[in-house]
Amino acid sequence: MSTNNEWPLWEVFLRTKKGLNHKHVGSIHAADEEMAIENARDVYTRRNEGISIWVVESSHIHASSPSEQESLFDAANDKVYRHPTFYNIPDEVGHI
Amino acid sequence: MKLSNLETFCLILADSNLILGHRLSEWCGHGPELEQDIALINVSLDLIGQSRSLYQHIAKNGETEDDIAYLRDAKDFKNHLLCEIPNGHFGDTIIRQFLYDSFHYFLLEGLTKCKNNFLRGYALKSIKEVQYHLKHSGNWSIRLGDGTNESHNKLQESLNNIWAYTPEMFELNTPEIQFYEKLGLNKDKIKNNWINHTNNVLREATLKIPESNWGQSGGKTGQHTEHLGFILAEMQHVRRSYPDAKNW
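Just so you know, the protein sequences line up as chains A and B, in that order. Using our numbering, you'd call the opening residue of the first sequence number 4 and step up by one each time. Using our numbering, you'd call the opening residue of the second sequence number 786 and step up by one each time.
Heads up, a few of these hints could be off.
Straight-line C-alpha distance at most 20 Å; calculated EDC-like pairs for lysine to aspartate or glutamate [as the list claims (entries may be wrong)]:
| id | chain 1 | residue 1 | chain 2 | residue 2 |
| --- | --- | --- | --- | --- |
| 1 | B | LYS845 | B | ASP831 |
| 2 | B | LYS913 | A | GLU52 |
| 3 | B | LYS860 | B | GLU1019 |
| 4 | B | LYS860 | B | GLU966 |
| 5 | B | LYS787 | B | GLU961 |
| 6 | B | LYS920 | A | GLU36 |
| 7 | B | LYS972 | B | GLU961 |
| 8 | B | LYS920 | A | GLU37 |
| 9 | B | LYS920 | A | ASP35 |
Since the hints were derived computationally from the structure, they do not count as laboratory data.
Using the sequences plus the hints, can you model the full thing?
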C-alpha cells in the first residue's frame, strides 16, 4: 500500500484471444478493483488487444529474489531426460 | 442553405459530439491521473469519430466531412449548449459528460430500432462506445458525489451550475417532432429513460437534483454561448489558415 494519497498500483494481465493465457502487459493506478479494470481497459485495450482483463494489486504479488538467480534457475542442462524433447507434438494440439 | 429534416437531425447530433469531443480533447495532458487523462481522450476520440460518419453521410456536392466541421461559423453549428460549456474542474467535466452520455445513450437506443437504415446502422455501431461512456461518467459521478465532503460539495455545485442546460436536449420544434414520428422514435420514452437513469445515479451519488425547470436553449438554432466562438477559433484555425493542405 502506498503511504501518501496516491492510488495503489495494479498489475494488468490481458488475454489476447480465446485459448491463450492471460499475459502481463503493464501496470496502472486505481482506487479499487472496479476502477482498475476500467483504467486497464482505457490504457491497454483500445486497439483490439484483448478479450479479457485481469487486475491484481501489485502488493499481492510476491517475487523471487534476483540474488537467488543461480540456485533457482540455473538447472543442469546436461540432464537431457529433464526436457520433453523426444516427443513430436501434432499441430492440431494448438497452444498447450 | 435549407436543410432537410434528416440533415438537421444529423447535424444536431454530429455537432454535439464534435464540440463535446473537442472540449474533452482539451484535457489531453491535464487529466488528474494519467489513466483518467487517457480515459477522457478515448471518449473524445469516440465522439469525434461518430461525428465524422454523420458528416460524411450528409456531405454533398463534393463536400467532405472536414468542410462541414471546419468551414462553418458558430451560427451554423447546432450542438446542444451543454456540449460547449467549459471543462471547469474534473467534477464539472464528469457531470456535464454524465448528463450528455445518458441522453446520448437513450437516443441511440431508440435509433437502433428506427426506420432509417443509415441511422439504425450508425446507432448499432455507436451505442457500444456510448454504453462505456455512460458507465465511466456514471461511476465517477457516484465516486465523487458519494466521496469526501469536499468532492460531494464540488459535484453538487457542478450539477447546480449546469442543470439549466439539460432541458434543451429534449426540446423539439414541430419539424423535429414530425421527423421523430417518421423514424418511429419515441421522444417521451427517451426523456423518461433519461430522467429515471439520471435520478438513480445522482441519488446513489447522494446529489440533490436542482428543482428549477428553467432551461437555457438556443444551440440548435445557432444561438450559442460566447464559448463556442473560442472553440471554433482553435479547432478550425489550421484548416482555415492552410486551405490547400489536403493531406494532414
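### Query
Against the structure shown, which of the earlier numbered hints fail to hold, in ascending order?
1 and 4
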